[in-house]
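Novice: Sequence:
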Amino acid sequence: MYRYSMTQWIVGNEKIEYSFERLKKYGYDGIEFAAEPYTTDQDKMVDLLEEYGLICTSLCGIFTEDRDLTSGEPGEAEKAVQYIKDNVDFAKKVGAPYMIVVPSPVGRTEPLPGRSYETAWANAVSNVRKAADYAQTQGIRLAVEAINRYETYLVNTLSKALAFVREVNHPAVGIMADMFHMSLEENNIGASLRMIAPYLMHVHIADNTREAAGLGSTDFKEMFYVLKDIGYEGPITMEFMPRLANPYASGDMETQSKLMDQYAKQAICYMKTLETSIR
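Using my numbering, read the sequence shown as starting at 1 and increasing by one per residue.
The hints are simulated quantities; they were obtained by calculation from the structure and are not laboratory data. There could be a bad hint or two in this list.
[Unchecked claim] Below, simulated DSSO-like cross-link-like pairs (lysine-lysine); rule was C-alpha separation at most 30 angstroms, straight line:
| hint | residue 1 | residue 2 |
| --- | --- | --- |
| 1 | LYS79 | LYS24 |
| 2 | LYS265 | LYS24 |
| 3 | LYS25 | LYS160 |
| 4 | LYS25 | LYS15 |
| 5 | LYS15 | LYS44 |
Work out the full structure: start from the sequences and follow the hints.
Specialist: This is how it looks when you write it as structure tokens:
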């Protein structure tokens, strides 16, 4: 069986202890923390992981405008690279093997005025490579995520993620596949997963509606067949959320714990049933 986790940033302002209780109750193996090393009580997270017997599967990078890897300005670029480095330290402390990296700010759908796509790409490649040098020394890897065209502009498809990672050309850098974004951008889920197989490190799960798996039309059975065929052994992390016009409002919303409980139960029951059916 795969190790299942649920990302933390989607639950709004609920108490972290409740998030841990939910995961334990519904049979999850771990949690994915929001990559916020400056505001997270990291010692407390270590204690909670031990108390609830869970692992930290990964850190989910939060790439806002002030963490811009496409910047070539020394101050801005150094800030973005330092953000990743500080999260590498966070990841090491909580035992997470991966940090998810989005090469351009989420919410920006075109390059800044005066910065071409090619320049933005080259800057991001250079900055990710610098961060990866440090990550490698700490035994942490960076998983590049492709996010759909309505939320970012630089790396939207897995073919672009593959080209980006190949250009970075660093052993500490791989790819994360997000089934929600794939439902919008990939012509064929199975073929896309096979294409990135040598670099695949992590998988995010939400249905095509961005709700819990099984509430939409995504063919997760095909996903499992391919993951089994390519020998994927990494974690599977739920990243569902309520139907919101702005998905990133999820992190600031008032707690909707009952809905998150329903989604958490629905998602893991559905995914484990499918996984068992293809054995």
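Novice: Give a verdict on every hint.
Specialist: These are the hints, each one checked on the structure:
no. : hint           : verdict
1   : LYS79 - LYS24  : violated, 36 angstroms
2   : LYS265 - LYS24 : holds, 11 angstroms
3   : LYS25 - LYS160 : violated, 38 angstroms
4   : LYS25 - LYS15  : holds, 16 angstroms
5   : LYS15 - LYS44  : holds, 12 angstroms
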